[in-house]
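Visitor: This is what each chain is made of:
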Amino acid sequence: MARQINVALIGNPNTGKTSVFNRLTGLNQKVGNYPGITVEKKQGVCKLDRGLKAHIIDLPGTYSLNASSVDENVVIELLLNKNDKDYPDVAVVVADVENLKRNLLLFTQIKDLGIPTVLAINMADRMKRKAISLDIEALEKQLETKIALVSSRKNEGFGYLKELITDYNLLSTKPCLNASSIAPEYFDRLRTAFPKQDLYKLWLVITQDVNFGKLDRNELKGVASFQTESESNLKRLQQKETIARYQFINNILKETLTIDTANAKDFQSRLDRILMHKVWGYVIFFGILLLIFQAIFDWSSYPMDFIDSTFASLSEWTKNVMPPGDFTNLIAEGIIPGLGGIVIFIPQIAFLFLFISILEESGYMSRVVFLMDRVMRRFGLSGKSVVPLVSGTACAIPAIMATRNIESWKERLITILVTPFTTCSARLPVYLIIIALVIPEQEILGIFSLQGLTLMFMYMLGFAAAIGSAWLLDKYMKIRSKTFFVIEMPHYKVPLFKNVLITVVEKTKSFVVGAGKIILAISIILWVLASYGPGDFNNAEEIVRTETAGETLTEAEFENKVASFKLENSYIGYMGKAIEPAVRPLGYDWKIGIAIVSSFAAREVFVGTLATIYSVGSEEEETIKNRMAAETNPVLGTPLFNFASGVSLLLFYAFAMQCMSTLAIVKKETNSWKWPMWQLFVMSGIAYIVALAAYQFLK
Amino acid sequence: MPTIATLKKGQRAIIKEFSVEVVPLKLLEMGCLPGNEVALVQTAPFQDPLYININGSHLAIRKETAANIEIELL
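Line by line, the protein sequences give chains A and B.
So that you can map any letter, position 457 of the first sequence is 457 in this note's numbering, and since no number is skipped, the others follow by simple counting.
Take the position in the second sequence, starting the count at 1, then add 699; the result is the number in this note's numbering.
A few of these clues could be false.
Stated by the list, open to error - Part of the chain A face toward chain B, derived, beta carbon under 7 Å:
1. 63
2. 66
3. 68
4. 196
5. 240
6. 242
7. 260
8. 275
9. 278
10. 370
11. 484
12. 485
13. 486
14. 487
What the hints assert, rightly or not - Away from chain B, derived, C-beta distances all over 10 Å, residues of chain A:
15. 64
16. 144
17. 276
18. 369
19. 449
Claimed, not checked - Derived Cβ-Cβ restraints for the label pairs, each shown as a range:
20. A:250 x B:771: 51 to 57 Å
21. A:585 x B:766: 52 to 58 Å
22. A:260 x B:763: 54 to 60 Å
23. B:772 x A:444: 53 to 59 Å
24. B:772 x A:493: 30 to 36 Å
25. B:705 x A:233: 57 to 63 Å
26. B:773 x A:82: 28 to 34 Å
27. B:763 x A:193: 26 to 32 Å
28. B:701 x A:240: 46 to 52 Å
Source of the hints: derived by calculation from the structure; they are not laboratory data.
Quick caveat: nothing in here was measured; it's all calculated off a predicted structure.
Don't be surprised by glycine CBs; every beta carbon is placed ideally from N, CA and C.
Assemble the whole structure, with the sequences as input and the hints as a guide.
Guide: Following this line, the structure appears as structure tokens:
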């Protein structure tokens with residue numbers, strides 16, 4: 001068996017670290033979560049020479065080892081814990097050639113931990129254009145390391161980088177900076193109190209909350225001979241350390257790096273002048289948003305229609321081919337429509353992440369944050385809330401995870417709380433089907449379809465609800481938190497197709513595997529509940545025959561009566577009847593009631609549930625929409641889905657908190673049940689009241 | 700006293716000492732250190748946040764943070 005070594009990929013954000021990871025591992029990678037926290041853990045395998053195999057971990061991007069977020073903490077926890085199974089044999093620090101100085105800060109810190117460290121200078125292809133020249137040999141000597149110039153865009157230098165990784169035990173582990181020089185007196189005391197510990201590691205442990213094997217902070221404080229410093233003194237020492245590191249780096253780069261500024265073409269500032277313009281900047285941003293919506297609604301409808309019809313014929317085909325019976329029914333009416341309900345989302349999710357990853361890769365997303373910060377702050381949010389709110393249109397779960405880089409706790413909490421109001425892709429099928437049912441197919445001004453405008457209104461309503469509630473929360477929530485905001489404006493880059501593709505595949509996969517499981521399980525449970533029942537259910541035919549004695553019915557009419565009698569007397573029928581009094585004032589019947597209850601697990605289940613409820617008992621193949629249009633209100637005898645009940649349903653889905661997975665992620669991110677419960681009751685309460693008002697007013 | 704917040708577009712300055720209590724360490728790590736050169740590249744509408752260039756690092760910070768960093772105009 002090949003010997004395996006652990007390689008940690010570390011680097012600042014925007015250095016193309018993930019591209020380097022993708023180049024090294026290809027599609028041979030696995031994305032998971034770190035236990036207990038929702039930080040993405042990316043790992044992959046790369047074959048090296050001499051029968052060696054590298055297990056590569058792509059650690060979250062960080063500017064230094066002084067963590068200020070959960071993501072950054074992951075890096076330190078791993079690097080300080082020699083017992084971790086992923087503890088690296090060698091670290092590869094990825095740096096951007098255009099920001100070498102800042103990137104080297106992290107490099108010196110990693111090297112000081114005594115881990116063999118290779119420096120991979122990325123984006124080497126830009127050196128010529130930016131008139132940058134580097135004396136690699138001198139730099140290697142000064143930093144006592146090995147350097148690989150790589151270009152993930154052109155796929156250059158990776159062979160040499162792999163060689164350097166293979167020869168990791170030839171690397172020097174001498175520190176760059178003598179830790180004691182930061183504060184000699186303080187470090188002397190440290191050494192006396194903990195003679196066996198590495199001073200730099202000790203210093204890192206003291207200055208941040210890290211679980212360091214057995215030696216945690218409390219024990220440090222417990223050692224009587226050691227007096228720790230006040231927090232502001234420690235901060236001052238951290239500042240001193242940073243300055244000392246930059247001095248070290250400046251001295252080295254003075255001799256090894258030259259940038260001929262006269263020759264450098266400043267493409268970035270010219271593009272910034274347009275993209276961040278007071279007027280054009282916003283025009284372009286909204287133009288891009290419009291394009292994204294167009295893609296999600298219009299372009300994705302073609303593959304979605306195809307998926308829809310494919311699953312419908314698959315279900316029909318199964319029924320014809322397999323022997324009739326419970327098992328065939330389970331597959332044809334429970335499992336296949338359930339699977340179809342998952343697959344149908346793939347085109348939209350893929351389109352959304354295609355755009356988001358292109359915007360992030362190109363460096364444009366940071367400009368949006370910059371443009372929107374002042375506006376968002378008025379509502380208690382941050383410019384960085386734009387990304388979660390926009391990603392919320394795909395799914396609230398990754399969106400809530402994306403709030404992690406908001407520095408202020410209050411702004412972050414508000415963003416988490418209001419993000420579920422934005423119209424996620426799970427609401428879309430509900431909106432689409434109801435809009436198709438109750439909004440007339442008309443055109444306004446000859447070009448805009450009324451249905452399309454209604455959909456756009458629903459999206460705007462979602463954003464308005466999010467922003468409005470953020471404003472209220474900001475006003476009434478008493479949380480004191482320091483607000484600071486720093487964001488890097490990365491260089492513009494043409495997105496790498498491979499990176500974009502991997503992101504799209506990954507996000508789609510995680511939806512299918514994660515949310516898909518719940519959707520399928522619920523679809524099957526619902527099918528079972530609708531296909532079986534107690535007492536009268538099993539004598540349906542006899543009862544209907546006695547009830548209709550004297551009437552002349554065709555075979556088909558009789559069958560339909562039996563089917564609807566069965567449904568009413570099935571387990572799900574009883575459940576729906578039980579909650580009917582609560583939903584009747586909103587204009588719904590017990591069937592919609594069932595669909596609403598089941599969609600508390602996940603909204604998209606609504607359509608699947610109705611599909612299951614209606615397809616049970618109907619012989620001929622009808623689309624769900626036609627079936628819904630034919631439903632009548634049992635009391636009034638008018639169509640059940642009319643304008644009033646349709647609008648009421650749309651509004652209910654716009655506001656209600658109906659997603660178990662979102663509640664779970666909010667619990668994780670806020671570390672308390674208080675906030676998810678708040679969302680569940682407040683949002684669903686608003687939904688009920690608004691839907692009630694709408695129906696009573698419009699009916 | 701001039702601070703980064705009072706810089707005009709295109710103006711350059713040298714960062715002076717500042718208090719660690721009000722300026723986050725992260726900003727230092729991104730290159731905002733005493734002695735470094737800073738230039739205002741652009742401001743967002745309402746003059747906030749500010750897009751600055753410190754020694755080749757392109758950063759955006761809010762005006763309130765910028766007002767805590769004293770400078771000497773070049």
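Visitor: Enumerate the violated hints, using their earlier numbering and listing them in ascending order.
Guide: Result: hints 4, 5, 7, 8, 15, 17, 18, 20, 22, 25, 26, 27 and 28 break, sorted rising.
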